[in-house]
Amino acid sequence: MDEYLIPAVDGVAYGLLLFVVAAGLTLAFGVGDVLNLAHGTLYAFGAYAAAEISDGSWGSLALAALVGAATAGAGGALLSVMLVPLAGRGHLAQALLTFGIALVAGDRLIALFGKDDLGVVVPAALDRTVRLAGHSYPGYRLALIGVAALIAAGLALLVTRTRVGGLVRATVDDRDMVAMLGISPFAVRTGVLAGAGALAGLAGALGAPIIGPGPRTADTVLMLSLVVVVLGGMGSIAGALVAAIAVGEIQTVGVANFPAVAPFALFGAMAIALAVRARGLLPSGRPT
Amino acid sequence: MRWILYPATAALLALLISFAWTLNDYANQMLARILIVGLLAVSVALLTGVAGLPTLGQTAPYLIGAYTTAILVHHDVDLGIVQLLGAAAAGALFALLTAPLVVYARGTVVLMITLALGELTTTVAGRWKSVTHGTDGMLALGRVVPLPGLAALDTDGAVYLYTLAVVTVLVTALLLALRSPAGALLRATRDDARRMRASGHPVAGYLTAAYVVAGALAGVAGALLVTVQSYISPNDGGFDVAALILLAVVIGGATSMIGALVGAGLVVATRDWLAGAGHAPLLLGCLFIVCVYLLPNGLLGDRAALLRLRTRRPAAPPSRDAAAISEQISEDRAAR
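Top line first, the protein sequences correspond to chains A and B. First residue of the first sequence? That's 8 in this note's numbering, and the numbers climb one at a time after it. First residue of the second sequence? That's 321 in this note's numbering, and the numbers climb one at a time after it.
Worth double-checking, as some hints may not be accurate.
Unchecked claim - Partner residues aside, some chain A positions facing chain B, computed with beta carbon under 7 Å: (1) H98; (2) A100; (3) L103; (4) G107; (5) V111; (6) D114; (7) Y144; (8) G146; (9) L149; (10) V237; (11) G240; (12) P266; (13) F274; (14) M277; (15) L281; (16) V283.
As the list claims (entries may be wrong) - Simulated coverage check for chain A against chain B, where a stretch passes if three residues somewhere in it have a Cβ under 8 Å from a Cβ of chain B: (17) 57 to 65; (18) 208 to 220.
Said to hold, decoys possible - Pair ranges (Cβ atoms, derived): (19) A/A69 <-> B/P616: 55 to 63 Å; (20) B/N344 <-> A/P192: 49 to 57 Å; (21) B/R517 <-> A/A69: 55 to 63 Å; (22) B/A472 <-> A/S243: 53 to 61 Å; (23) B/P501 <-> A/D181: 37 to 45 Å; (24) B/R517 <-> A/A118: 30 to 38 Å; (25) B/A472 <-> A/V88: 56 to 64 Å; (26) B/G598 <-> A/A245: 42 to 50 Å; (27) B/K449 <-> A/G63: 57 to 65 Å.
It is worth saying that the hints were derived from the structure and are not from the lab. Because the structure is a prediction, the values reported are computed rather than measured. Every residue, glycine too, gets a C-beta built ideally from N, C-alpha and C.
When you get a sec, could you build the whole thing from the sequences and use the hints?
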């Protein structure tokens, strides 16, 4: 039983972490129509902040989370400004810009922190196994499940219950109409990209013990969150949550117990989901 | 301008041919690699710019063509034309099988489906050890004999000339095909699929044909890669390769095949030549950022076509190709 249960709990932690990252990417796509290939790099900002700042005390972990979220949020806002001259030029131009930025930032991160994967120190209270109902679980992951669930719930409340959230949802539905109401699409997009960046940075700082800082971090996180965004239906937060948990389980239960199938599961699921829903994913009248 | 095009092309070709004797082995190998990436980029541009299917997945038929060739080399098939045809057939077959997944979608969805196809192919290449030798890669040592009766290619210069010949022939053939009515049909499908369907054109069929041709071209590029480096591994067709090639095509202007070749040359030269000091990502990143701001239509992109590609709305102005074809149809009907 343990061989499934523990990876399954791991999978929930992994999935919620991915959700926090991918929620930002899916909002940026839905709201700003931005295909942000630098999103994984923003996660890496947070992960490196945790590796540098966190020294085992609670305060340093909180500071790392703050620094990670702030730098990545600033990165997101900067990205929004840099995208201004590309208005109306489509996703390929955005891909060119954001991939270029990701390459430059990745090179600078390696220059600053070296080519090795860095380890992350977490508070001792979390760095042990916890016994719960006769099973032992890694403590940090249980705590991460709690924190990530809080972040997810907060995000859901923000999007569904506040005026700002309403604006965001309205922009997803009909960007031009929101602009007609006198609300600057640039301000909405900058806000969403900064928020998305901050979420990614926060996830990086908290998730560093799971997907740690290293030269491959940005690519891994970008790939996984792209899969989540696509499986979840591009722009849908609830969809992203379900997809993120599914991807988390594939990456943990799947890899541990079905090593022959797991490598194909992610992209196989993505290809099938897209092919089946190809028409549903193309909302009428809005170019994708 | 047209009158200068043919002599200029001839002079450029003569210069490229002379490199086989005037440059050293290393430079010849590098040029051959640029040509190979260029051919792959042409297959991506055919889909992205001409058919309107932006793709991150042409590395899949590229890898399949390369592994087909490596397996042929292992079975002592050293005839170049057989290797090329085998790789082209394998790439085309892959495209034919996956076409139903690709040709009904548009825009970013195609990008994601092809990304998944590319990643699945790399995963298969990394895990099907009995055939591909897994992530260790596969050596394929053997001198290629281009055509029966010719001498084997035993210098880097000769391999470069062989690559140059294959790429030139294929790109020329593709350019001619794109200038024919077939090319007009494809561009019209990209510009206004609804109107084409309403005129009775099998839109999915045209896109499938383009996708299969692109698969065959990518397969040939894979075969040439094995000839040049005598080795193939899943890394030769990973996501980073796919992304670089798509971006090279965007730099080249997406709608232009020659632009794709030049863009691929720029990207490979930046990555492998300029970045001798080891900051390839930094230089490539700067190249992308500079290009996206300074070249809104790429190096050789067709401005009007790109505009329609970006704003695919019912209200977008109809293209000349689509208009010409529907006029042709109504004239035909009237004549009857």
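Structure-based check of all given hints:
1. Checking A/H98 against chain B by beta carbon gives a least distance of about 6 Å; that is within 7 Å, so the hint holds.
2. The beta carbon of A/A100 is positioned within 7 Å of a beta carbon in chain B (closest approach about 6 Å), and the interface hint is therefore held.
3. Interface hint at A/L103: satisfied, since its Cβ lies 4 Å from the closest Cβ of chain B, which is below the 7 Å cut-off.
4. For A/G107, the interface hint holds, the least distance from its beta-carbon to any beta-carbon of chain B being 3 Å, beneath 7 Å.
5. Given hint, A/V111 at the interface with chain B, holds; its Cβ is 4 Å from that chain's nearest Cβ, closer than 7 Å.
6. Nearest Cβ of chain B to the Cβ of A/D114: about 4 Å, under the 7 Å cut. The hint holds.
7. The beta carbon of A/Y144 comes no nearer than 30 Å to any beta carbon in chain B, farther than 7 Å, and the hint placing it at the interface is violated.
8. With a cut of 7 Å, the hint placing A/G146 at the interface with chain B is violated, because the nearest CB-to-CB distance is about 33 Å.
9. The interface hint given for A/L149 is violated, since its Cβ lies 32 Å from the closest Cβ of chain B, which is over the 7 Å cut-off.
10. With a least beta-carbon distance of about 5 Å to chain B, the hint placing A/V237 at the interface is held under the 7 Å criterion.
11. Restraint check, A/G240 versus chain B: the minimum CB separation of about 11 Å is more than 7 Å; hint violated.
12. Because the smallest distance between the Cβ of A/P266 and any Cβ of chain B comes to about 10 Å, over 7 Å, the interface hint for this residue is violated.
13. Evaluation of the A/F274 hint against chain B yields a held restraint, the C-beta minimum of about 4 Å falling below 7 Å.
14. Interface hint status for A/M277: upheld, as the beta-carbon distance to the closest one in chain B is roughly 4 Å, under 7 Å.
15. Interface restraint check: A/L281 against chain B, minimum CB-CB distance 5 Å, threshold 7 Å, status holds.
16. The beta carbon of A/V283 is not positioned within 7 Å of any beta carbon in chain B (closest approach about 10 Å), and the interface hint is therefore violated.
17. Coverage of the region 57 to 65 of chain A by chain B is violated in this model, with 0 residues showing a Cβ closer than 8 Å to a Cβ of that chain against a need of three.
18. Check result for the region 208 to 220 of chain A against chain B: violated, 0 residues qualifying (beta carbon to beta carbon below 8 Å, three or more required).
19. Separated by about 44 Å at the C-beta atoms, A/A69 and B/P616 break the suggested range of 55 to 63 Å.
20. Remark: the range hint 49 to 57 Å for B/N344 to A/P192 is upheld by a beta-carbon distance near 55 Å.
21. Between B/R517 and A/A69 the beta carbons are some 58 Å apart, a value that agrees with the proposed interval 55 to 63 Å.
22. Take B/A472 and A/S243: their Cβ atoms lie about 58 Å apart, and the range 53 to 61 Å holds.
23. Taken as a hint, the range 37 to 45 Å holds for the pair B/P501 and A/D181, whose Cβ atoms sit roughly 40 Å apart.
24. Between B/R517 and A/A118 the CB atoms are about 53 Å apart, so this pair departs from the stated range of 30 to 38 Å.
25. In this structure the supplied range 56 to 64 Å holds for B/A472 paired with A/V88, their Cβ-Cβ distance being about 58 Å.
26. For B/G598 paired with A/A245, a C-beta distance near 45 Å keeps the hint of 42 to 50 Å intact.
27. For the pair B/K449 and A/G63, the beta carbons lie near 43 Å from each other, so the given range of 57 to 65 Å is not met.
Consistency note: the structure conflicts with the earlier hints numbered 7, 8, 9, 11, 12, 16, 17, 18, 19, 24 and 27.
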